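S.K.: Chains A and B, in that order, are what the protein sequence lines are.
Just so we're aligned, residue 8 is where the first sequence starts under the working numbering, counting upward by one.
Just so we're aligned, residue 8 is where the second sequence starts under the working numbering, counting upward by one.
Since the hints were made in silico from the structure, they are not lab data.
Where hints are given, some of them may not hold.
It does not matter which identical chain is used: a pair holds within one copy or between any two.
[Claimed, not checked] 30 Å max Cα-Cα, derived BS3-like pairs, lysine-lysine:
#, residue 1, residue 2
1, K155, K20
2, K265, K333
3, K333, K266
4, K329, K11
5, K20, K70
6, K266, K293
7, K266, K329
8, K281, K193
9, K351, K281
10, K265, K329
11, K102, K206
12, K293, K351
13, K266, K351
14, K143, K206
15, K293, K265
These numbers come from a predicted model, not from an experiment.
There are 2 protein chains.
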Amino acid sequence: MNLKEMIDSTRIKWMDNDGPENDIVISSRIRIARNLAGVSFFEKMNATDIETVFNTMQLVIAKFESMQLIRLDQLSNIERNILMEKHLISPDLLKNPEQKAVVLSDDQIISIMINEEDHLRLQCLLPGLQLYQAWKLINELDDLLEQKLEYAFSEQWGYLTSCPTNVGTGLRASVMLHLPALVMSKQIDIVTGVVSMMKLAIRGLYGEGSEAVGNLYQISNQITLGRTEEEILNSLIAIIKHLIEQEREARQALQQDKKHWLEDRVFRAYGMLKNARLLTADEAMKLISDVRLGVDLNIIPELAPAVLNELIIMTRPVYLIKQAQKELNSLERDVLRAELVRNKLVLGN
Amino acid sequence: MNLKEMIDSTRIKWMDNDGPENDIVISSRIRIARNLAGVSFFEKMNATDIETVFNTMQLVIAKFESMQLIRLDQLSNIERNILMEKHLISPDLLKNPEQKAVVLSDDQIISIMINEEDHLRLQCLLPGLQLYQAWKLINELDDLLEQKLEYAFSEQWGYLTSCPTNVGTGLRASVMLHLPALVMSKQIDIVTGVVSMMKLAIRGLYGEGSEAVGNLYQISNQITLGRTEEEILNSLIAIIKHLIEQEREARQALQQDKKHWLEDRVFRAYGMLKNARLLTADEAMKLISDVRLGVDLNIIPELAPAVLNELIIMTRPVYLIKQAQKELNSLERDVLRAELVRNKLVLGN
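If we strip away everything but chain A, and leave its shape as in the complex, we get (with noise of 0.2 Å):
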């Protein structure tokens, strides 16, 4: 697959849905930030060092077999986007993308954003819970790269970053959770705010602020320096593994106090996502979360989790505009989404 066909593709290594406790974890992120040294960082970046970091990378790449990188500016907006909208790239990445590049592995399990906020970024997306074998794939990516590159590091503060809750180690690890019950049965407010004295940010997938479409909620770090990787993995998936705890007793209540209402609602949801002939993303997500449930907990045994995953990429706008291949207007955009859906769910394709 060329680096355009797969950005084109809506399955992706990560919505595979095969990994670990993969009945609540969507997916398990790590990303840390890296800096060449003797270049400017962000900020001060000029013409010649953005080109420097282009070319340094350009070299290094070359020599993975399974690795290519390419420059944003080499992309069409959609097709960032689709980056974007896949978890591939981070929104900064768009601004300004005659200074940006990225490199992907042929599977999308590993990306490098080159001049997003530091020099480099270093992301492995995995399905499930899977921090640790992110980690691990992250780190032998990370001593590849520092066998052919000099890294900007300090003895007393560990990696240097543009951003100072980047610095020491400058792992970010995140992971992303389907918490549908805890959100019905009102729970998810005490979640959330438990999450947030833990000095973990929480938030909506796609959303800023707190509102989660779809039940979907995104849990990271925020602090770096001080901690080493493994002291920061390990508080985290503790937590994880609770929220874990909480959203299945959470589902085995609804199952056994509102058996009728919860199964009301997966197959209505399941019969509109079939049926509906205009679909708004917002709605889409939805519906997609109610079906999910109703997959995990064996009231749709036919559905595969992989398709809804599937279907979450297939109703982003970005996605719907590179089907049409023209900008398409609100009504538009619902009829083909519902359209895809429509397709997906009954016809298989």
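Using the hints, position chain B against chain A.
M.R.: Same frame as chain A, but now just chain B:
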């Protein structure tokens, strides 16, 4: 089919949907009131009078091959209510069942209520707009009965009845219309206003007052004194035809101006009916109405309209209790209703 099987069945002739204008007119009904000469009228009847009417009718009906008489106290409360839900008897016939009886034709087109407000109320119910045809059938029946019975009749006033609004021809004609597009386009209040001004009664199916569950409206004449049957029928039919035109125009406007919205609404309703695990009677009627509109506009071509008429009967509380053969609480009713609807639409039984 014996009488009890007939009562159980959810298929009856007037719901076959094969009458004229059947995209809008569900059914046409003609009812006339007759009283036997020499027997006290209803409010003054004593036990002997009641038995006299029973016995007289028993003897007469015994000579009609395709008709059966049953005393209401020989039916269970549920069976009596099913007859009412099917519009074969009036709510009034349920009171004091030991005084009441009903005659049904095998095809359930003709019913004669005995000892309702009048000694006899002859009713004919046909699918579609067939007021003349229904009147013809009632007339033939009336003539047959009059050969064997002596009616209370005054040269000056015509047929005498308990209630003055029925004196004269004693004719009550009514038509059940499905007017979803006039409701959706918020023109229905104008329509009901005009109908009332024409001295016609308009009310919802099953509902007292003005609320029409499932966009089903029953329109009937109110005054019979001083007008011939032809005048009554002609003026009612003229207004019905006008309403049919208006509803068709409203449907066309929806298809032209709000095509996507309309298709979305129709298919969502269809999806709900096929998938819900809990359905209230009111929601079922609303959804059936939307799907019926979709069938009539060929948006859902594969579904027979008669199935939807059958669903209207099947989803009534009393029919559910009959199916379950026990009392049901509200949750149990909603579960069973959803199951019956699903089985009908998904499995076709």
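S.K.: At most 30 Å between C-alpha atoms: does K265 with K329 qualify within a copy, between copies, both, or neither?
M.R.: Between copies only: 26 Å across chains, 41 Å inside a chain, cut-off 30 Å.
S.K.: Within a copy, between copies, both or neither: where do K281 and K193 come within 30 Å Cα-Cα?
M.R.: both (28 Å within a copy, 29 Å between copies)
S.K.: Checking an output row: K293 and K351, CA cutoff 30 Å. Within, between, both or neither?
M.R.: both (17 Å within a copy, 28 Å between copies)
S.K.: Should K20 paired with K70 be assigned to within, between, both, or neither, using CA atoms and 30 Å as the limit?
M.R.: Within one copy, since 23 Å is at most 30 Å while 80 Å is not.
S.K.: 30 Å Cα cut-off: does K143 pair with K206 within a copy, between copies, both or neither?
M.R.: Only inside one copy: K143 and K206 sit 24 Å apart there, 84 Å across copies, limit 30 Å.
S.K.: Since the copies are identical, ignore which copy is meant and state whether K102 and K206 lie within 30 Å (CA to CA) inside a copy, between copies, both or neither.
M.R.: within (29 Å within a copy, 71 Å between copies)
S.K.: Are the CA atoms of K293 and K265 at most 30 Å apart within a copy, between copies, both, or neither?
M.R.: Both, since 19 Å and 25 Å are each at most 30 Å.
S.K.: Up to 30 Å between alpha-carbons, please classify K265 paired with K333: within, between, both or neither.
M.R.: between (45 Å within a copy, 23 Å between copies)
S.K.: Reference check for the pair K155 and K20, CA-CA at most 30 Å: within, between, both, or neither?
M.R.: within (28 Å within a copy, 86 Å between copies)
S.K.: Classify it for me, K266 with K293: is the Cα-Cα distance of at most 30 Å met within a copy, between copies, both or neither?
M.R.: both (19 Å within a copy, 24 Å between copies)
S.K.: At most 30 Å between CA atoms: does that hold for K351 and K281 within a copy, between copies, both, or neither?
M.R.: For K351 and K281, the Cα distance is within 30 Å both inside one copy (9 Å) and across copies (19 Å).
S.K.: Checking K333 and K266: alpha-carbon separation at most 30 Å within a copy, between copies, both or neither?
M.R.: between (44 Å within a copy, 22 Å between copies)
The structure agrees with every numbered hint stated previously.
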